[in-house]
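Just need the whole structure built from these sequences, with the hints factored in.
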Amino acid sequence: MSQNEAVKEKQKKIEPRRLKGFKDHLPGFMEVRSNFQNLIRQEALLAGFSEIGTPTLEYLETLLGQGSEETDKQVYRFEDHGGRKVGLRFDLTIPFARFVAEHQSDLIFPFKRLQIGDVWRGENTQKGRYREFCQCDLDIIGVDSVGADFEVIACLYQTIAKFNTGGYAFRLGNRNILSSLIRKSFNLGEDIDQTPILIALDKLDKIGTQGVIDLLSKIAGSSSDAIGYLLQLLVNKDPDGNTDLVPVRSFLQGDEKATAELDRFEQLYRLCRSISKGKSSEANPSTSANEGEMHIDLSIARGLGYYTGVVFETTLNLLPGFGSICSGGRYDDLAERFTTRSLPGVGGSIGLDRLLAGLEELGRLPVVVPKKAFVAIVTADALEYGNAIATTLRKNGVACDIGLTTGKVGLQFKHADRIGCPFVIVVGTDELNSKTFNLKNMKTGEESKSHSFSQVVQIVKTAMSNIP
RNA sequence: GUGGCUGUGGCGAAGUGGUUAACGCAUCGGAUUGUGAUUCCGACAUACGUGGGUUCAAGCCCCAUCAGCCACCCCA
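Note that the numbering used here has the first sequence beginning at -11, numbered continuously upward.
Heads up, none of these hints are tricks.
FRET-style restraints, in silico, Cβ to Cβ:
1) V234 - L7: 49 to 59 Å
2) Q62 - Q443: 53 to 63 Å
3) D202 - S22: 44 to 54 Å
4) E434 - E349: 38 to 48 Å
5) K359 - L392: 15 to 25 Å
6) A214 - E67: 43 to 53 Å
7) E254 - E324: 26 to 36 Å
8) E178 - A277: 41 to 51 Å
9) K396 - I2: 24 to 34 Å
10) K1 - V357: 33 to 43 Å
11) N23 - D405: 21 to 31 Å
12) K1 - V445: 41 to 51 Å
13) I2 - D193: 37 to 47 Å
14) T42 - V445: 35 to 45 Å
With a cut-off of at most 25 Å between alpha-carbon atoms, the simulated DSS-like pairs for lysine-lysine come out as follows:
15) K172 - K225
16) K115 - K61
17) K449 - K359
18) K191 - K61
19) K150 - K359
20) K172 - K245
21) K115 - K194
22) K402 - K449
23) K360 - K383
24) K225 - K194
25) K206 - K191
26) K402 - K431
27) K449 - K428
28) K383 - K437
29) K172 - K206
30) K359 - K383
31) K396 - K437
32) K225 - K191
33) K360 - K437
34) K191 - K115
35) K1 - K11
36) K428 - K402
37) K402 - K360
Read the hints as simulated data drawn from the structure, not as lab findings.
Keep in mind the model is a prediction, meaning the values are calculated, not measured.
Glycine residues also receive a C-beta, built at the ideal position from the N, C-alpha and C atoms.
Structural data, given as structure tokens:
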């Protein structure tokens, strides 16, 4: 290589780019995202959940084999520097199972867990669907009760109500009841794998009744009469938009287990209705309010293998085809792969980044207005003085930025304006000598002069508090 | 894995075969060295994803390829 080529090689820039499905977050968006996380945290802590954290990287054997083959394929995996086979967590549930099994003696059951963290899935991207995204999980483990089901659902439901969604629908299904229906409809034994049937039923929303009938007809052993009746049961809605449970109950008569599950399910729904509203009218799909609706929809199956009781998913009313922004359900024995101790639980997850993508699409993301003052340093001799002012403000809880281009005061004002500071404290030689400061209102352009340094906290606080 | 669409300076975006590839944003300088936003003037930028082909001539047409987005599958 000639010297010239070597120089050229050195000057060649790496093209700045991101991996597919991985997002950068600019300051304005990041602040909203953090605020959302904090709000979710706050709601969960209020409801008595305890926050935990687990590593992003786990042994591969911990992560694999719990969901389906499909999900196993999506796990980001590699060998670490010590030759260990490791993977990035695919969700927060499986690491939680490991966590619970590992820390049984340190936890008090029933344990109410909150966890907020990023997860990774090597699948194809779509709108609101990334390869790295944040999940906010709530679980109650160590108890199997309708109260626990409700506690998790209520907290998730009420948290989503805090956001400017324009309305959402929380749909409740039950894997257990659905399985009983399928068993009876198709005359299947207890141990028959229903997965293909469940997957077909789960598409009811997308491909319609006839589409599902066609799909199910291809599955051996199912008569069209049986299929038709099952779909009738699932599709029949009462005036409130709920799956009509009366014919379901009579169809399952004699199945004691299923009947008991139905009783429990109805009790759960009554509890849920106590904190929610029902179906909104077609004319006014609750766009003005951010409230949610609660519905029974027995056709919900959810893909993940481990759900056994109640299951739920949540869609935005304004973006019906967008996908679920919050879902979960009950599982019999979360940690069975890690311990002999039986640990039933119920949990759900808010897909924060999908929710944010949805709100962004709708133009409903909150705009964050920074509430901070700015100290402009006009002359170099006032650098220490300006910093003393900034430090005083910060110690007293007043957010403030400071000019970093001492001397070039025009630049400092321009910068303060661009980052949205409503007030600028101005100090230079004169102010330094008299221990004073000027305060400029960036909106009106007015500048009041010669305030005493000793009053800086009070004056700036007062000024800032008048900003909307 | 399957389909559709899109790739033009840092970003957005015009350009439908014919000189020197618009414009806007951003950046930098000046009008204005103790005052921003607004206004005016000026400057800067290795830009047509990559590789072939057709043509006298390609950002534009054809083929391939890569990347991204959207949709299916599945899912938060």
